[in-house]
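Peer 1: What follows is each chain in one-letter form.
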Amino acid sequence: MKLDEKLKNIRRSPWVFHLNSGSCNACDIEILDALTPYFDAERFGVKLVASPRHADVILFTGPVTREVLPKVIRTLNAVPRPRIVVAIGSCAVGGGIWWNTYSTIGGFPKLKEILKEQGVEIDRVVYVPGCPARPEAIIYGLLLALGYVKQKVSKVTKVVES
Amino acid sequence: MQVDKIAKLTKIVTIGLKTGRVTIKYPFGAPLVTESFRGAISIDNTKCWGCGACVLICPPNALSMKFEKDNIIIEYFKGRCIFCGMCADVCPANAISVTKEFELASTDLEDLKEYVIHRTSKCSICGKPIGPTSELRSVIKSQPVSEEYINLCSDCRKKLFAKAISIRFGAST
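The listed protein sequences correspond, in order, to chains A and B.
Quick note, the first sequence lines up with residues 1 to 162 if you use our numbering.
Quick note, the second sequence lines up with residues 1 to 173 if you use our numbering.
It is possible that some hints are incorrect.
What the hints assert, rightly or not - Mimicking DSS-like on lysine-lysine, the simulated pairs with C-alpha atoms at most 25 Å apart in a straight line are:
1. B/LYS66 with A/LYS110
2. A/LYS112 with B/LYS113
3. A/LYS6 with A/LYS116
Unchecked claim - Ranges between beta-carbon positions, derived for each pair:
4. B/SER97 with A/GLY45: 37 to 45 Å
5. B/LYS122 with A/PRO70: 49 to 57 Å
6. A/ASP33 with B/THR46: 33 to 41 Å
What the hints assert, rightly or not - Not close to chain B: a few residues of chain A, all C-beta gaps over 10 Å, as computed:
7. GLY22
8. VAL49
9. GLU67
10. ILE73
11. TYR102
12. LEU115
Read the hints as simulated data drawn from the structure, not as lab findings.
By construction, the Cβ of each residue, glycine as well, lies at the ideal position given by its N, Cα and C atoms.
Only chain A is shown next, with the shape it has when bound in the complex:
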């Protein structure tokens, strides 16, 4: 895989950019918590940067409100390839509690379709559910994006015998 070869270079120290798209701030506080000495994401070289042009990984929170949509597209367009997005929280993953409101478009999966129309490619997306996601869950999602750990969940189908 070409992407995995490129990821090897990033694995040394991923620089992250925190992109808030109308989140309630709970997930944002948990991201800061993951960077504090208590959970210490800097063990893996994670560094918060101020510009999307310097970033390897985007930490994406929020259900993408209509107001912020053009800015989000512009920001993601500025990120150099390979673009890796870690969608954090229920809102970013599936719309969350705002799954059918008029003012949000409903999380990253819907945004991905819009980005495809705009010609912005996303190389890898990792969805981290949680309301808000725990700092450990954020670290786990980030490591999954970079290929350190293996995915634990899979699709489950249960049939009720009758």
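Take the given structure of chain A and dock chain B to it, following the hints.
Peer 2: Chain B in isolation, oriented as in the chain A frame:
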């Protein structure tokens, strides 16, 4: 000034030595999960009736119900779940339990979905779908209902009951 600076430094160093190392070694060690922590729910398919109480109470519609020809499918989408645990409170069969699972990160949305498939039982007269088979069985267990009526849809049941009453009051057929 120099003395002040050294005094400050020694104060910080003593606090640091007293506290020790606080960083948890998460991916290589145990996570910091407390007793009251709520993670993803798990649905026990041996207990579930398919009544849909959890689907009605779910605030973000993470649990949804789909009616197909022969099946009733309860879909649990972990990505939208806010881990409130209301479904576990409201479940009449105690089939839903809240686990401490939080490592739910995945690269595909389909991996976050969980399906519970119920078989639909049909009306023995007109063939209309009436509900999940397991729900009917649990109703028979808990209530003394005639087995003649349990396999009927509401319309056929009304007709049969009206017929029985009318015969009792002297109708010809």
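Peer 1: Output the numbers, in ascending order, of every earlier hint that fails for this structure.
Peer 2: Every hint satisfied by this model.
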